[in-house]
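Chains as they are written, first to last, in the working numbering: chain A, 1 to 163; chain B, 1 to 507.
None of these hints come from the bench; they were simulated from the model. All C-beta atoms, glycine included, are put in the ideal place defined by N, C-alpha and C. It is possible that some hints are incorrect.
[As the list claims (entries may be wrong)] Reference excerpt, derived from the structure (chain A facing chain B, CB under 8 Å, subset only):
(1) Ala23
(2) Pro42
(3) Phe71
(4) Ile102
[As the list claims (entries may be wrong)] Each pair of labels, with its calculated beta carbon distance range:
(5) Ala3(A) <-> Thr346(B): 39 to 47 Å
(6) His415(B) <-> Trp120(A): 32 to 40 Å
(7) Arg59(A) <-> Ile289(B): 37 to 45 Å
(8) Pro235(B) <-> Pro157(A): 46 to 54 Å
(9) Gly149(A) <-> Val55(B): 55 to 63 Å
(10) Ile78(A) <-> Val465(B): 47 to 55 Å
[Claimed, not checked] Covered by chain B, according to a simulated footprint, are these stretches of chain A (three or more residues, beta-carbon under 8 Å):
(11) 45 to 55
(12) 125 to 139
(13) 148 to 160
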Amino acid sequence: MLAADRLIALALMGFSVIVMWYAQRLPVGWEAETGPGAGAFPFWLGLGMLLASGAILARSFVTRPHSGETFIPDADAIPQVLGVVGLLLGAIALIPLLGAYIALMLFLLAYLRLMGGHGWLLTGILTLTTPVFLFFFFEVTLKILLPKGVTEPLFYPLYAMFF
Amino acid sequence: MDVLALLADGFAASISPLNLMIVLIGVTVGIFIGAMPGLGSVNGVAIVLPLTFIVPPGSAIILLAAIYYGAMYGGAISSILLGIPGASTAVATTFDGRPMAQKGEAGLALIVAAVASFIGGTISVLLFTVFAVPLADMALAFGPAEEFALVLLAFTTFVGLGGDDILKTIVMICLGLVLSTVGLDIISGEPRLIFGDLPGFYSGISFLVLAIGVYGVGEVLYTIETSRNAPMVTPARLTFSELRAGLSKMRGMWRTMSLGSVMGFFVGILPAAGATPAALMSYGVAKSISKRPESFGRGNPEGVAAPETANNAASTGSLLPMLTLGIPGSPTTALLLGGMVMWGLTPGPMLFVEQKEFVWGLISSLYTANVAAVLVNIALIPVFVWALRMPLTVLCAMVLVLCIVGGYAPGQRLHDVWMIAGFGVAGYLLRKADYPLAPLVLALVLGPLMEKSFRQTMIAEHGDVTVFVERPIAAVFVAISALLFALPLIRALRRGRNGSARPAPAE
Chain A
1 MLAADRLIAL ALMGFSVIVM WYAQRLPVGW EAETGPGAGA FPFWLGLGML LASGAILARS
61 FVTRPHSGET FIPDADAIPQ VLGVVGLLLG AIALIPLLGA YIALMLFLLA YLRLMGGHGW
121 LLTGILTLTT PVFLFFFFEV TLKILLPKGV TEPLFYPLYA MFF
Chain B
1 MDVLALLADG FAASISPLNL MIVLIGVTVG IFIGAMPGLG SVNGVAIVLP LTFIVPPGSA
61 IILLAAIYYG AMYGGAISSI LLGIPGASTA VATTFDGRPM AQKGEAGLAL IVAAVASFIG
121 GTISVLLFTV FAVPLADMAL AFGPAEEFAL VLLAFTTFVG LGGDDILKTI VMICLGLVLS
181 TVGLDIISGE PRLIFGDLPG FYSGISFLVL AIGVYGVGEV LYTIETSRNA PMVTPARLTF
241 SELRAGLSKM RGMWRTMSLG SVMGFFVGIL PAAGATPAAL MSYGVAKSIS KRPESFGRGN
301 PEGVAAPETA NNAASTGSLL PMLTLGIPGS PTTALLLGGM VMWGLTPGPM LFVEQKEFVW
361 GLISSLYTAN VAAVLVNIAL IPVFVWALRM PLTVLCAMVL VLCIVGGYAP GQRLHDVWMI
421 AGFGVAGYLL RKADYPLAPL VLALVLGPLM EKSFRQTMIA EHGDVTVFVE RPIAAVFVAI
481 SALLFALPLI RALRRGRNGS ARPAPAE
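Taking the hints into account, I'd like the entire structure generated from these sequences.
As structure tokens, then:
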């Protein structure tokens, strides 16, 4: 936990520096007529964040908070969490290629079958009904088109039917 | 009376078939979300918000408010039946709700929780009706200087009263404000913080993206990690005789419940406080004024009624500053506020002048939502008991799918979906390291207002910062802010002198 606390404080300090670097490309001081420049707000807040996260880092060396605790108390949970994050990122990456429907079906299939350990029946029902629900809710009702990728031609008959 | 006439008009709108149906759907969805361990009102509103474009804004806010309300009722269900709070607001309900369920009184506990929620909700909506107009009238006199001071006050309450690590709270407020400046500058029109010149950042970071990331994806990751060993559901029987017994038992608790309602309402108004501390405080007060304090924690129905009245009252209370001042009292109301801005409504005092129908439609729908919630809750208890047996992996998979599609739908940019995933992972890690997430979301929502009001004041006053202490209302806010900011320091000094550590206030 102590190491994680320090790493996160360092990461936040790093982010503050990035923010300040981007902000100082715009005026950060007083501008005649228009008052504080466009970069002023992010710059000074970035500085505040840098100071506060720096103080957290410094404090961790003085008081050593949480030194007895572990960041992830249950080590068995790590593969689960990493697996879900991996599946999520994979699904988002596939959306532009295979379209939202195929990508989400693959996501559900992998998640329910591999991580949830559910039977084929439940997995199958959820994997097949979710895209149908999404199509009718988003495309037919809300008129919001989801990305289709290479599966676009498959939807032409459906468009013809519902629009 | 003027208010009554407006309220009557509001009722005419809120009992239209469409709105009545929306209230019923909203409270049912809300109770369901609230009952699911890990998911609370804020998660429910964050996940459902992108789906509200199908209905007109007046109905959309009613839907969200009904979900908000329903989740407050639903939180008690898993507190009682599983022993784990369905939402952080229902933590105090487990203290006596769980022992009652173990004694075989789960049905009674559920009835007490539902009726207490109803009473808390009703009393607080009455208080809301009374206070809303005077507060909005007062706020009409606010200029940019007052607005800035008020936002400052909202943030300093997190520092002074939030009860979290102060440095980490400050970091989260700054981070949220910095993220709110991404995009085109409102005054000069220049692009700011366009990381890596990605076009996706030009339109800024929507609060929705942060909210879905933190409260959708982040919450799922947290739930996966913390509750993999599914707890046992206690069976609950519900008979009419139990219902009657429950109602008669509650007659003796009027003092606890009215106290809990009033206290919950006023604690709910404070930006940093909200429903969780209100419920804990109400539980503490009920215990200390009880004739049999030793029975608390061992299955005393009064220990269920006290927090349940308070958390519902607080959820109404936190709507008050959101609607009248444009300053949300809780993360959930911050999302409602963001939603209103998205639909083209500006929360704040002008809403009471320009959008009378919207305001009173919402207020009257709080009354109908309350009635609907208590009826749906009691009628559908067997369904919710059954739903609690749903495997966690199924729930998490559905929530993640909704996060992806719901995050894509409003802006139709895949960039937003990537941001959601990023915020989800970052939020999960930050939460594990004890960084409070509520100030982050609130800062992102209030950031544009804070910056705009500050720069407007500075331009008008030619850079003279003393204006914030010269205008009386602004000066009061700034003074309270300074006090709240100093509070943790004073506390630390006192503690150092007395050498006795006071327990940190609960989250």
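Do the hints match the structure? See the list:
no.	hint	verdict
1	Ala23	holds, 7 Å
2	Pro42	holds, 4 Å
3	Phe71	holds, 6 Å
4	Ile102	violated, 13 Å
5	Ala3(A) <-> Thr346(B): 39 to 47 Å	holds, 46 Å
6	His415(B) <-> Trp120(A): 32 to 40 Å	holds, 36 Å
7	Arg59(A) <-> Ile289(B): 37 to 45 Å	holds, 40 Å
8	Pro235(B) <-> Pro157(A): 46 to 54 Å	holds, 49 Å
9	Gly149(A) <-> Val55(B): 55 to 63 Å	violated, 30 Å
10	Ile78(A) <-> Val465(B): 47 to 55 Å	holds, 50 Å
11	45 to 55	holds (count 7)
12	125 to 139	holds (count 5)
13	148 to 160	violated (count 0)
In this structure, the hints that do not hold are numbers 4, 9, 13, in rising order.
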